[in-house]
Amino acid sequence: MKIIVSIKNLKKIYKNNLVAIKNLNLDIFEGEIIALLGPNGAGKTTLISTICGLSSITSGSIKVNNFDVVDDYRKTREIIGLVPQELALEPFEKVINSIKFSRRLFGKKDDPIYLDNLLKKLHLFDKKNETIKALSGGMKRRVLIAKALSHNPKILFLDEPTAGVDVELRKDMWDIIKELKKDGVTIILTTHYIEEAEMIADRIGIINNGDLLLVEEKQSLIKRMSIKTLKVNLKKSIAKIPDKLKSYKLKLDVHGNYFLYNYKTGTKKTGITSLLSDMGSIGMELQDIQTKQTSLEDIFVKIIKD
Amino acid sequence: MNLQGILAIYIYEMNRSFRTLIQSLVSPVLSTMLYFIVFGAAIGSRMEMIDGVSYGAFIVPGLIMLTVQMQSVANASFGIYFPKFIGTTYELLSAPLSFIEIVIGYVGAAATKSFSIGIIILLTSNLFVNIDIIHPFFMIFFLLITCITFSLLGFIIGIISDNFEQLNIVPMLIITPLVFLGGSFYTINMLPEFWQNIALLNPAVYLISGFRWAFFGIGDVPITTSVFTILTFTSLCVLVIWRIFKTGYKIKT
Ligand SMILES: Nc1ncnc2c1ncn2[C@@H]1O[C@H](COP(=O)(O)OP(=O)(O)O)[C@@H](O)[C@H]1O
Ligand SMILES: [Mg+2]
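If you read the protein sequences in the order shown, they are chains W and V.
Here the first sequence is numbered in my numbering, starting from 289 and rising by one per residue.
Here the second sequence is numbered in my numbering, starting from 289 and rising by one per residue.
Chain W on its own, in the form it takes in the complex (with noise of 0.2 Å):
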């Protein structure tokens, strides 16, 4: 696979001082979505500028395409579209007039029928000659799109497209992101909601603090994320676990009330009757059992907190 963005030792330190990305090394490839998830404040819009220009980068580097992105800046913007995370649009403009003017700010001449087709795609057609500001919310965000796609970009950047916005609009803004990988558009969204990352990303980036602490396959991560607990209350504490049971690997609590048995939800045997009868027939008898799903968001608090 090409990789089509290369961050070496990003540090991004603001005028304040405030070290934002402490030392980040990540490799986007072509054609891939990819979701950087992480709570407020962790990094992801600092890390999206320093790529896009609107940051500059205290030390390390960012390649674009094998262009260096403060070398060779024209190259690699050229090639790059951003979508905001605030709906930072002049009020006034006509929507078709605001989506003409980023394209040529991008240095390409007007392409009517490009552009006619981009605002059909993003169900915005019938909007063209209305003002900005007559716009609802999730139209604002339809339009921010738009401009960034004008100039055709290969990579595309979204700064939480989804955050604020309803969930029939959300699923929309899926399917269009959806419809941007077909045509071969890289692109890169940040997002706290690990249910987005989860429906429609190919890999999950997970940061924290200005550290990128993983980033990961989804499909990998999912398989993680479907391991059960299940939590098992005996009658009577014991000490240790018996030797006969030592094969489940299981928890024991501190003091002996109850232990945990992790299983796979995805395979035919997940072992618990095995385990039930096992302690049966050692005459453990238990009070209650619970399970309990370890969700992505499970992962990623316990990730973010390790």
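In case anyone wonders, no lab produced these hints; they're calculated from the structure.
Watch out, some of these pointers could steer you wrong.
[Unchecked claim] Straight-line distance between alpha carbons at most 16 Å, and here's what the computed EDC-like set of lysine to aspartate or glutamate pairs gives:
#1 W/K416 <-> W/E374
#2 W/K511 <-> W/E486
#3 W/K519 <-> W/E486
#4 V/K534 <-> W/D359
#5 W/K506 <-> W/E378
#6 V/K372 <-> W/E378
#7 W/K469 <-> W/E318
#8 V/K372 <-> W/E374
#9 W/K296 <-> W/D315
This one's a predicted model, so the numbers in the text were calculated from it and none came from an experiment.
Following the hints, position chain V with the ligands against chain W.
Same frame as chain W, but now just chain V with the ligands:
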């Protein structure tokens, strides 16, 4: 060179003034006409000729300078402040545009506007008084360079300002007084000697004098001094803008 990009900014800015045609064109023209009626017609009829020029004609170059200087600053500062205010600068910064190209777009549009206003005022004045311009090409050059320089100054003010109050404070507290006291309505020889010396510290004096020289061949100071002043001022503004962009001051985070 991203010509399309420069044009995009330029056209966008020009369109913005067409949307607000009254504010950007009619109001400066109207207020100049009022000056003209009060100072030119009412007071001027009681004034004697100044160096062989009627008072009505005498104030025309000063009025044009006054208006284009204030308009350039107002237009250019608002032009770049507004995107900062609504957050759309992200687009300028993420586009394959150099800072020079951004400046050319914004300053070019602001200077075009004020230049047009200057020409319109000149044409309107011609309805009231007879004006013969001795050095027409130099007049155009001087008007143009003034519009560009003050638009550069306005651009700087727009970048530096964090709020609307700051945006207005420099024009109101510094530029307006300097320009008003710069000899739009009088020659500085009319002042007592002490004030003449003070007036010579005011750069606006040299600009108005130079522009008046283009019209009537007379000025408070030699024309070379005026040309030197405006070019120094231009270079200074260019230098400041270059520094701002070099360091990303108030633009990049
Ligand atoms: N312009 C700035 N100046 C100083 N600090 C900033 C600036 N922008 C963001 N920060 C700080 O940098 C950190 C990362 O912010 P940001 O990248 O916006 O996070 P996220 O997008 O993940 O919510 C936060 O602590 C934020 O307060
Ligand atoms: Mg953010």
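What are the numbers of the hints that this structure violates, sorted from low to high?
Violated: hints 1, 3 and 5.
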